[in-house]
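Peer 1: Following the hints, complete the assembly by docking chain B onto the known chain A.
Number of protein chains: 2
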Amino acid sequence: MAMNHAASGELIDVRPLGAALRQTHSRTLVRANHLEVFRFVLAAGQAAPDHKAAGALTMQCLEGAVELDAHGRTQILQAGDMVYLADAEPHAVRALEDASLLISILLRRT
Amino acid sequence: MAMNHAASGELIDVRPLGAALRQTHSRTLVRANHLEVFRFVLAAGQAAPDHKAAGALTMQCLEGAVELDAHGRTQILQAGDMVYLADAEPHAVRALEDASLLISILLRRT
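Same order as they appear, the protein sequences are chains A and B.
Just so we're aligned: the first sequence equals residues 1 to 110 in the numbering used here.
Just so we're aligned: the second sequence equals residues 1 to 110 in the numbering used here.
If we strip away everything but chain A, and leave its shape as in the complex, we get:
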């Protein structure tokens, strides 16, 4: 995860990484009050095992394809597909191809 996050009003590049994907790490893009936005980079075959996030989230596929397990079913997300997951909904992701996801988490307020 990179250390420098975008300030309010600063442009952020969320274009597909393409050939650079294999050399690019996952990166937090925005860390603000109750919000975290990051690009999650997965090489084909990589997975994020079943887990719960720190709050409700949206997940948008920027490139490639992933399988998402949530709510008892498996769906494929490709570039241009987005999903909303309610707070505390367990989910898992597996990359079917090199893929990057734009994930925005509404951090739970305790």
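In case anyone wonders, no lab produced these hints; they're calculated from the structure.
Some clues are possibly wrong.
Stated by the list, open to error - Computed cross-link-like contacts, SDA-like style, restricted to lysine to any residue with a CA-CA straight-line distance of at most 20 Å:
#1 K52/A / A32/B
#2 K52/B / R108/B
#3 K52/A / I105/A
#4 K52/B / G9/A
#5 K52/A / G9/B
#6 K52/A / A92/A
#7 K52/A / E10/B
#8 K52/B / A32/A
#9 K52/A / E89/B
#10 K52/B / A53/A
#11 K52/B / R27/B
#12 K52/A / G80/B
#13 K52/A / A86/A
#14 K52/B / A86/A
#15 K52/B / L11/A
#16 K52/B / F38/B
#17 K52/A / A7/B
#18 K52/A / H34/B
#19 K52/B / E89/B
#20 K52/B / G9/B
#21 K52/B / S8/A
#22 K52/A / S8/B
#23 K52/B / A7/A
#24 K52/A / T24/A
#25 K52/B / E10/A
#26 K52/A / L21/A
Model, not experiment: these values are computed from the prediction.
Peer 2: Relative to the frame of chain A, chain B by itself:
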């Protein structure tokens, strides 16, 4: 704005509208606890005058190009550009070309 919003786990299409843009209305995609996600469709020349949103937001250009006024400067967002705007930051948007934006608002908690 459409009446049916995506449930948790339901796939949402955020691909560019392309030729269908001129026949497509802005649409709320997710309305959940403290979160609203919508696709804002602007024909070339259309604008959202200076305003404040109902909370912090991210704005991602899905297609076309818009000018964003915020923080005392004007920047152009094209497909793949995203910006985070802090809560209560006044901003205005003008479409330079037919454009659609994916906007996620963290609704302010009062």
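Peer 1: Now tell me, hint by hint, if it's right for this structure.
Peer 2: We went through each hint and held it up to the structure:
1. K52/A / A32/B: holds (18 Å)
2. K52/B / R108/B: Distance ~12 Å between K52/B and R108/B Cα, so the pair holds.
3. K52/A / I105/A: holds (11 Å)
4. K52/B / G9/A: Given pair K52/B, G9/A holds - Cα atoms ~14 Å apart, limit 20 Å.
5. K52/A / G9/B: Answer holds: K52/A to G9/B is near 14 Å, not above 20 Å.
6. K52/A / A92/A: holds (9 Å)
7. K52/A / E10/B: Between K52/A and E10/B the Cα gap is close to 17 Å, so the pair holds against 20 Å.
8. K52/B / A32/A: Distance of about 18 Å is within 20 Å: holds.
9. K52/A / E89/B: violated (31 Å)
10. K52/B / A53/A: With a Cα-Cα distance of about 29 Å, the restraint between K52/B and A53/A is violated, given a limit of 20 Å.
11. K52/B / R27/B: Roughly 19 Å separates the two Cα atoms, so the pair holds.
12. K52/A / G80/B: violated (28 Å)
13. K52/A / A86/A: Between K52/A and A86/A the Cα gap is close to 10 Å, so the pair holds against 20 Å.
14. K52/B / A86/A: Since the Cα atoms of K52/B and A86/A sit roughly 26 Å apart, the hinted pair is violated (cutoff 20 Å).
15. K52/B / L11/A: Roughly 19 Å between the alpha carbons, so the hint for K52/B and L11/A holds.
16. K52/B / F38/B: Cα-Cα ~16 Å, so holds.
17. K52/A / A7/B: holds (17 Å)
18. K52/A / H34/B: holds (19 Å)
19. K52/B / E89/B: holds (6 Å)
20. K52/B / G9/B: Cα-Cα ~30 Å, so violated.
21. K52/B / S8/A: OK: K52/B and S8/A at ~14 Å, within 20 Å.
22. K52/A / S8/B: holds (14 Å)
23. K52/B / A7/A: Holds. K52/B to A7/A sits at ~17 Å (cutoff 20 Å).
24. K52/A / T24/A: violated (24 Å)
25. K52/B / E10/A: holds (17 Å)
26. K52/A / L21/A: With a Cα-Cα distance of about 25 Å, the restraint between K52/A and L21/A is violated, given a limit of 20 Å.
When the structure is compared with the earlier hints, violations turn up for hints 9, 10, 12, 14, 20, 24, 26 and for no others.
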